[in-house]
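Student: Build out the structure end to end from the sequences listed, making use of the hints.
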Amino acid sequence: MNYPVWQRSFKPPKDLAEYPVGTAFPAGHLVETNASWRSQRPVIDAEKCSSCRICWLLCPDGVIHNTKPEGLEIDYDYCKGCGICAKECRQKAIRMENEGI
Amino acid sequence: MHGQKAFLSGNEAVAAGVRLARPHVIAAYPITPQTTVIERLAEMVEDASLKTEYLHVESEHSALSACIGASAVGARTFTATSSQGLLYMAECLHYASGGRFPVVMMNANRSLALPWNIYGDQRDSLSLLDCGWIQAYAEDAQESLDLIIQAYAIAEHPDVLTPLMINLDGFVITHTYELVSLPSQEGVDAFLPPFQTVNKMDLDHPMSLAFTAGPAYNQAFKQLQHQALLSASKVILDIEERFGQFFGRNYSGLIETMHCEDAEFILVTLGSVAGTVRPVVERLRSLGERVGLVRIRYMRPFPDLEIRKALAGAKAVGVLEKDISFGYEGTVFTNVNSALSRSNVKPSRLLNFIGGLGGKDISAADIEHLFLRLKSTDDGETVAFI
Ligand code: SF4
Ligand code: SF4
Numbered sequence: 001m002n003y004p005v006w007q008r009s010f011k012p013p014k015d016l017a018e019y020p021v022g023t024a025f026p027a028g029h030l031v032e033t034n035a036s037w038r039s040q041r042p043v044i045d046a047e048k049c050s051s052c053r054i055c056w057l058l059c060p061d062g063v064i065h066n067t068k069p070e071g072l073e074i075d076y077d078y079c080k081g082c083g084i085c086a087k088e089c090r091q092k093a094i095r096m097e098n099e100g101i
Numbered sequence: 102m103h104g105q106k107a108f109l110s111g112n113e114a115v116a117a118g119v120r121l122a123r124p125h126v127i128a129a130y131p132i133t134p135q136t137t138v139i140e141r142l143a144e145m146v147e148d149a150s151l152k153t154e155y156l157h158v159e160s161e162h163s164a165l166s167a168c169i170g171a172s173a174v175g176a177r178t179f180t181a182t183s184s185q186g187l188l189y190m191a192e193c194l195h196y197a198s199g200g201r202f203p204v205v206m207m208n209a210n211r212s213l214a215l216p217w218n219i220y221g222d223q224r225d226s227l228s229l230l231d232c233g234w235i236q237a238y239a240e241d242a243q244e245s246l247d248l249i250i251q252a253y254a255i256a257e258h259p260d261v262l263t264p265l266m267i268n269l270d271g272f273v274i275t276h277t278y279e280l281v282s283l284p285s286q287e288g289v290d291a292f293l294p295p296f297q298t299v300n301k302m303d304l305d306h307p308m309s310l311a312f313t314a315g316p317a318y319n320q321a322f323k324q325l326q327h328q329a330l331l332s333a334s335k336v337i338l339d340i341e342e343r344f345g346q347f348f349g350r351n352y353s354g355l356i357e358t359m360h361c362e363d364a365e366f367i368l369v370t371l372g373s374v375a376g377t378v379r380p381v382v383e384r385l386r387s388l389g390e391r392v393g394l395v396r397i398r399y400m401r402p403f404p405d406l407e408i409r410k411a412l413a414g415a416k417a418v419g420v421l422e423k424d425i426s427f428g429y430e431g432t433v434f435t436n437v438n439s440a441l442s443r444s445n446v447k448p449s450r451l452l453n454f455i456g457g458l459g460g461k462d463i464s465a466a467d468i469e470h471l472f473l474r475l476k477s478t479d480d481g482e483t484v485a486f487i
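Chain order of the listed sequences is Y and W.
With the first letter of the first sequence counted as 1, position 45 gets the number 45 in our numbering; the numbers rise by one all the way through.
Offset between the second sequence (1-based) and our numbering: plus 101.
Hints listed in this document are in silico derivations from the structure and should not be mistaken for laboratory results.
Some clues are possibly wrong.
Unchecked claim - Here are some of the chain Y residues that sit facing chain W, going by a computed Cβ distance under 8 Å:
(1) Tyr19
(2) Val21
(3) Pro26
(4) Ala27
(5) Val31
(6) Asn34
(7) Ala35
(8) Trp37
Claimed, not checked - Pulled from the structure, derived: some chain W residues nowhere near chain Y, Cβ distances all over 12 Å:
(9) Thr136
(10) Gly354
(11) Asp480
Unchecked claim - Under the rule of at most 20 Å between Cα atoms (straight-line distance), these lysine to aspartate or glutamate pairs were calculated in the DMTMM-like manner:
(12) Y:Lys87 / Y:Asp61
(13) W:Lys323 / Y:Glu70
(14) W:Lys323 / Y:Glu18
(15) Y:Lys80 / Y:Asp15
(16) Y:Lys11 / Y:Asp45
(17) Y:Lys48 / Y:Glu32
(18) Y:Lys11 / Y:Asp77
(19) W:Lys301 / Y:Glu18
(20) W:Lys416 / W:Glu383
We treat Cβ as the ideally placed atom computed from N, Cα and C, and that holds for glycine.
Tutor: Structure representation (structure tokens):
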């Protein structure tokens, strides 16, 4: 599965001619990150993780990516720090770390 | 490209036009005096003379929402409503125009409650003039049918991509039977190619539709809607010209004029009452009076240039409308007055006649009296109920 990622090269439209016709654009075109409000970040401990993928299923924002053979990866550009993954992990393999100020 | 003749009511003419335009989806909820449009369409689906997805929705809000959703997968859509039903759609009217979904709708102009009333006036559509739709006003059944076919070509035009509302005066047009010429199906198929849009849900090219735009970008989308509406003025003329070549019936763009070239006293109006004004103008002309008529065919885009041109030589102008913006004046009058104030066309008298509310009759004698008022030099009320 391909996950949409932050399009760092996105340039906002400069004039009307660069706007799309109507409110339509290719899906998954993320022009901004959305994580600055996170107070704690989930960190997966690969030693404890059993690869059950419960966290991947239950993350409400779909930001735990299951694309690499070496394990799950959290997209910190969009993780909001809700802690659901840590709460649901039966192996207690996810800890919530305070974000620095 | 000529088909056959049929004896149809305004509503039946609309249904016949819709069948010829081959919409993929029809979603509608019945309301007097629109009901026979969707009854006829339902019968056509039943007898298989119309192949369409006919959605029996539970409200007008749902009817237009369903059309927007269908338009978002690239379907041609139709809905019809009236009065309270149109108001119930109000939220979705803005969704359709903002999303640039070219839905075509027929609205049977009808009074708004209270007092409850099912008869015709134009307060329903005129109170929603700012919703970003193109608004056309028909005078008879033939024009209603032709407008439906033209409407798809206009609304779906890439320079426009804007929904279009065709207004028929409740009962006076919707329920009056007239001889109507039906274009052939082959003719309409050639005139009206299938709907193509870049804005559609498509598995191969997934799109985010109806997205959010924050303060930095929102206004640009509104400017683009405004541009699209302004572009529609020219597109309407082009489509009408093409329609004339195909079907032999010619229309005159955003307004229609009668004897305005040398008229001193002109009535500006819209909808079926123009049919009452016409013979009065002819009669007064035969008595040597220099009177004329401007019939507004499109309220959006507004025919400002056309109106200035038509009224250039007039001494006195009356705007007759079935509408009032309570506490001020009629909305059509406001628009006409604004068009003139931005030009050097300044008739010495400009009056607003409000009539026909809740279906109140406007007779030929009433119209004659209005021309007399335009001729007189009394300085009565600028806004007068007739
Ligand atoms: S829920 Fe816990 S054990 Fe399961 S995949 Fe996620 S981190 Fe690993
Ligand atoms: S903290 Fe919440 S948003 Fe972030 S990965 Fe876990 S479940 Fe998803």
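Student: Which numbered hints are broken by the structure, listed smallest first?
Tutor: Numbers 5, 6, 7, 8, 13, 15, 16 and 17 - these are the hints that the structure violates, sorted from lowest upward.
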